[in-house]
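A.B. asks: Using the hints, put the two chains back together into the complex; each one sits in its own frame.
Chains as they are written, first to last, in the UniProt record's numbering: chain A, 1 to 288; chain B, 1 to 274.
Read the hints as simulated data drawn from the structure, not as lab findings. Mixed in with the good hints there might be a few duds.
[What the hints assert, rightly or not] No more than 30 angstroms apart at the CA atoms, straight line, and that leaves these computed lysine-lysine pairs for DSBU-like: (1) A/K8 to B/K185; (2) A/K44 to B/K137; (3) B/K262 to A/K103; (4) B/K262 to B/K185; (5) B/K185 to B/K104; (6) B/K103 to B/K185; (7) B/K103 to A/K8; (8) A/K103 to A/K194; (9) A/K8 to B/K104.
Computed from a predicted structure; not experimentally measured.
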Amino acid sequence: MRGQVSRKTIFGFIGPAVISLALVGIAPLLYAAWTSLHFFNLTKLRQVEFIGLKNYWTVLTDEVFWQAMGRTFFLLATALPLQLIFGMMIALVLHQPGLTLLKTLARLSLVLPMATTYAVVGLLGQVMFNQKFGVINQLMGGANINWIGDPQNAFAMIIFWDVWQWTPFVALVLLAGLTMVPGEVEEAARLETKSRWTVLRYVQLPFLLPGLVAVLILRTADTLKLFDMVFTLTRGGPGASTEFISLMIQRVGFRGFDQGLASAQAIILLIITIVLAQIYIRVFYKEV
Amino acid sequence: MATRTHKPLWGQIILLTLIMLVCVFPFYWMVTTSLKTHIVALQSPPAWIFEPTLNNYREALFEDGVLRTLANSLIIAISTTVLAVLLGVPAAFALARFEFRGKKDLWFWFITNRMVSPIVLALPFFLIARNLGLLDKHITLVLIYLTFNLPIVIWIVTDQFRGIPYDLDEAARLEGASQFTIMTKICLPLAMPGVAVSSIFAFIFSWNELMFGLILTRSEAKTAPAMAVSFMEGYNLPYGKIMATSTLIVIPVLIFALLASKQLVRGLTMGAVK
Numbered sequence: 001m002r003g004q005v006s007r008k009t010i011f012g013f014i015g016p017a018v019i020s021l022a023l024v025g026i027a028p029l030l031y032a033a034w035t036s037l038h039f040f041n042l043t044k045l046r047q048v049e050f051i052g053l054k055n056y057w058t059v060l061t062d063e064v065f066w067q068a069m070g071r072t073f074f075l076l077a078t079a080l081p082l083q084l085i086f087g088m089m090i091a092l093v094l095h096q097p098g099l100t101l102l103k104t105l106a107r108l109s110l111v112l113p114m115a116t117t118y119a120v121v122g123l124l125g126q127v128m129f130n131q132k133f134g135v136i137n138q139l140m141g142g143a144n145i146n147w148i149g150d151p152q153n154a155f156a157m158i159i160f161w162d163v164w165q166w167t168p169f170v171a172l173v174l175l176a177g178l179t180m181v182p183g184e185v186e187e188a189a190r191l192e193t194k195s196r197w198t199v200l201r202y203v204q205l206p207f208l209l210p211g212l213v214a215v216l217i218l219r220t221a222d223t224l225k226l227f228d229m230v231f232t233l234t235r236g237g238p239g240a241s242t243e244f245i246s247l248m249i250q251r252v253g254f255r256g257f258d259q260g261l262a263s264a265q266a267i268i269l270l271i272i273t274i275v276l277a278q279i280y281i282r283v284f285y286k287e288v
Numbered sequence: 001m002a003t004r005t006h007k008p009l010w011g012q013i014i015l016l017t018l019i020m021l022v023c024v025f026p027f028y029w030m031v032t033t034s035l036k037t038h039i040v041a042l043q044s045p046p047a048w049i050f051e052p053t054l055n056n057y058r059e060a061l062f063e064d065g066v067l068r069t070l071a072n073s074l075i076i077a078i079s080t081t082v083l084a085v086l087l088g089v090p091a092a093f094a095l096a097r098f099e100f101r102g103k104k105d106l107w108f109w110f111i112t113n114r115m116v117s118p119i120v121l122a123l124p125f126f127l128i129a130r131n132l133g134l135l136d137k138h139i140t141l142v143l144i145y146l147t148f149n150l151p152i153v154i155w156i157v158t159d160q161f162r163g164i165p166y167d168l169d170e171a172a173r174l175e176g177a178s179q180f181t182i183m184t185k186i187c188l189p190l191a192m193p194g195v196a197v198s199s200i201f202a203f204i205f206s207w208n209e210l211m212f213g214l215i216l217t218r219s220e221a222k223t224a225p226a227m228a229v230s231f232m233e234g235y236n237l238p239y240g241k242i243m244a245t246s247t248l249i250v251i252p253v254l255i256f257a258l259l260a261s262k263q264l265v266r267g268l269t270m271g272a273v274k
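Chain B extracted, bound-state conformation (with noise of 0.2 angstroms):
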């Protein structure tokens, strides 16, 4: 092997280098505008080189209500989590240890609820919501967040489950044990993997959503990316600002992404090669 390899290594690592400028510029240069001043971050050609400065997040922050934005965020990104994962993880133990009439046909139905376009329910949505005066309510987007990460936290929990030995089920019921607690007591615990990547997931897209949040939100219940948006009316653009608040919303994916960086491909191609 070793000799194999001898002429290719150079152009092995002028690729892998080129991958990872390609993937983190972005990040560097959305970074350092944030801590570029105003009339910096409109300098022609862009500065590589400026002092940077924190005014940026001080004023997005403090001053335009980014803060608030990052808090409504923050809120229905967990509820819904917190309500995919409760929902979810008796329907994932129902389809991974029960057998019933129209199981396929539920499993498929889940599946298509990641391909059909937000747009479609955001619709009628808007105008239910309206109805029932829901409109810059957290809870509705709580509630319409439910149609993408209930279906993820079942496919990811009902295939841990189905990787827990039936053996376990079995001695529980002998004792007399409910399947209720079977599913707490026994496998829940050894599902707790799924379930933790599956609430990461379900945290991410919830986090990420914009066009619910456009739609759905006017200013109590406003998203930070809805926010982000809003700085783009006009013609001044704050580009500093815009690219602080940016940051914000993407460092917390950034870690939870990378946390789950192993589950990620699986995650996301789950349901898909079912």
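Okay, chain A solo, but in the shape it has when bound (with noise of 0.2 angstroms):
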């Protein structure tokens, strides 16, 4: 009996909540499907012309697009292993015992970068990157590093601030899987080797793998939407050297104003998105 209840009572729970998504989330979808099989250019709205499967022909032929994507999987798999090393090591010097006050501190201080607004850490990183007044080439001992005007400088930049942004976040959850470990097993265990790579082997990463599970997945669909942060700081410059996905996308529908094609690139990268979820989902979810 439990749970059984008239359909009718279950649509008025859930329909309001299923119609608005539905109308705010799958009719704009499906609206960009219809669009990119046109010639879509909000110049010339007088022209919009059907023009089937062209637009993801050239889409899937421009190499300038499979660079962005590239961009954007390099910055994944640079920034992530860096995000992981570092997070490790930070919820392994927190899960040590004695210094309470002073862990506290810093897991509070944690919270700092995760919660700070994506476009501010871009424009945090314009003051502080600058070649001339930014502090960082300061600290660096008074050198006169061009940060955001040379490609590879300016990439590197972006690195720097996604892993600063996102360490702490990697670290807290790392931090909540150590903290499941059975006390007496870890212990057990610490009496037996001295090696503590052992220890993080053998005992703690089994509760540690929901959470990189949940690392991987969610910085995987974060750095395909990276936006924010990357506009405010550089905007793609200098060239094309920090244009990621998101980016290239905006700058074709927006600032080159051919939706079409923009939506095009917009339904291959969903099909992207979709399929890396569902590989994740069947690897993973048996695994685990």
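C.D. replies: The following block contains the structure:
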């Protein structure tokens, strides 16, 4: 009997949420799919014309699109390992006994980067990494590095802020995992071996896996979405050196005004996102 | 224990201090820069000691209209939070208490909403809003923000509802209470912590949002982050003012985040580990 209620009741409770999400979430997606099949330029709205899959063909054969995609995954491949390593180190330090007050303060300060508005991180980056009056060059002993104007440095700067903002998140997730390890088990293991690595690998790691999976899924999704911080910090430049996929779609759609092409790019990004999500779910949810 | 930790203690203290410095320093720099005059802000090498002034805040708030964009952000963030809670709580109740076909699929659909890039929705939403004459209106942002807030509220509150013993429902039903009464009178008061936390999240995410704010507003409904970005046009950038605006944007979020810091990680990972 538990949970058996009439259809009308179920719909009454869940219907409004589903309908509103469909209206604000799914309807635009369908419209994007429709737009992607048309020549649709904001400056030439009289000439909207059905062109089939031509936009998709343009995108799929467009080197620039794949470069932006590659850049996005390159950022993930460089920033995520750094976040995992630093996050793990911080979690292990915080997990050790003693120094309660200092650790509470450290844990609270870890909340700050995560809570900072992404757009503000970018603005802050402009101030701190400025070649002339930036504090970063000063802290580096009066270095004269052009961070914002040089393609490679600009990319390094983006990695820096991504790591700054998200390492605390990884650290707190892993710390939560570490506290799940039963105290007696950990103690017993420590009596058996002096190697911290062995304890980490065989005793603690199983408790860390769900958190690691969450981090992997979320960081992948967030990197594919990345926009605010990069937009305010470099606007994708110099050249296209920090133009990640979301920035590229925004540029094509709102600065190039080609909504048809941008929609095709967006739909392809959506498909890649869904495929990745499916792979993650298949691979990890069987294991964990 | 005490004997073993003797040596690494100093190492720990240094590491912990380093962590705190790295986390806090950018904030320190943001706030101090916001208190510098234009000339001091552009000084090279940067000044650490200077005479602070509130001029940037006064100018930003009252001459450049940041105050109004903050008000816009506040109106939009509160409205979308209230709407997400009103729509999300009953849905969460249904997901936690009722059995029905497609429940799991529905659950997954809510999760995938968090993975979709906002730019995918921004393109068509802009065109739809333009056709309906809804550009530069608060309601437009309130509605589009539902796409990421409604799922958050639903996940967190469903989790809360599941933790409430079913016996309470049974007892109330024997008394003749309707499901709606059971939800509002019995379960909701017990689920208030979850509702509060999810509201804080919804508020923070809406308050922080930039892309839709840039694309869907011009002046009337302009949000604070979009305003901060608009200072970035031109050559002689008013960095003090930009940092003052940034500080005004970040402070409320920080307060909320510290209040909800225990649930922060759980809230962010939710849906990914479920």
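A.B. asks: Now, for every hint given, state plainly whether the structure supports it.
C.D. replies: Checked hints:
1. The suggested pairing of A/K8 with B/K185 holds, with an alpha-carbon distance near 21 angstroms, which does not exceed 30 angstroms.
2. Restraint check for A/K44 and B/K137: satisfied, since their Cα atoms lie roughly 25 angstroms apart, inside the 30 angstroms limit.
3. Between B/K262 and A/K103 the alpha-carbon distance is near 14 angstroms, which keeps this suggested pair within the 30 angstroms criterion.
4. Note on B/K262 and B/K185: the hinted pairing holds, with a Cα-Cα distance of about 27 angstroms set against a maximum of 30 angstroms.
5. The straight-line distance between the Cα atoms of B/K185 and B/K104 is roughly 27 angstroms, inside the 30 angstroms bound, and the hint therefore holds.
6. A C-alpha spacing of about 25 angstroms is found between B/K103 and B/K185, which places the hinted pair at or below 30 angstroms, so the restraint holds.
7. The hinted pair formed by B/K103 and A/K8 meets the criterion: a straight-line CA distance of about 15 angstroms does not exceed 30 angstroms.
8. The suggested pairing of A/K103 with A/K194 holds, with an alpha-carbon distance near 24 angstroms, which does not exceed 30 angstroms.
9. A hinted pair counts as satisfied when its Cα atoms are at most 30 angstroms apart, and A/K8 with B/K104 qualifies at roughly 19 angstroms.
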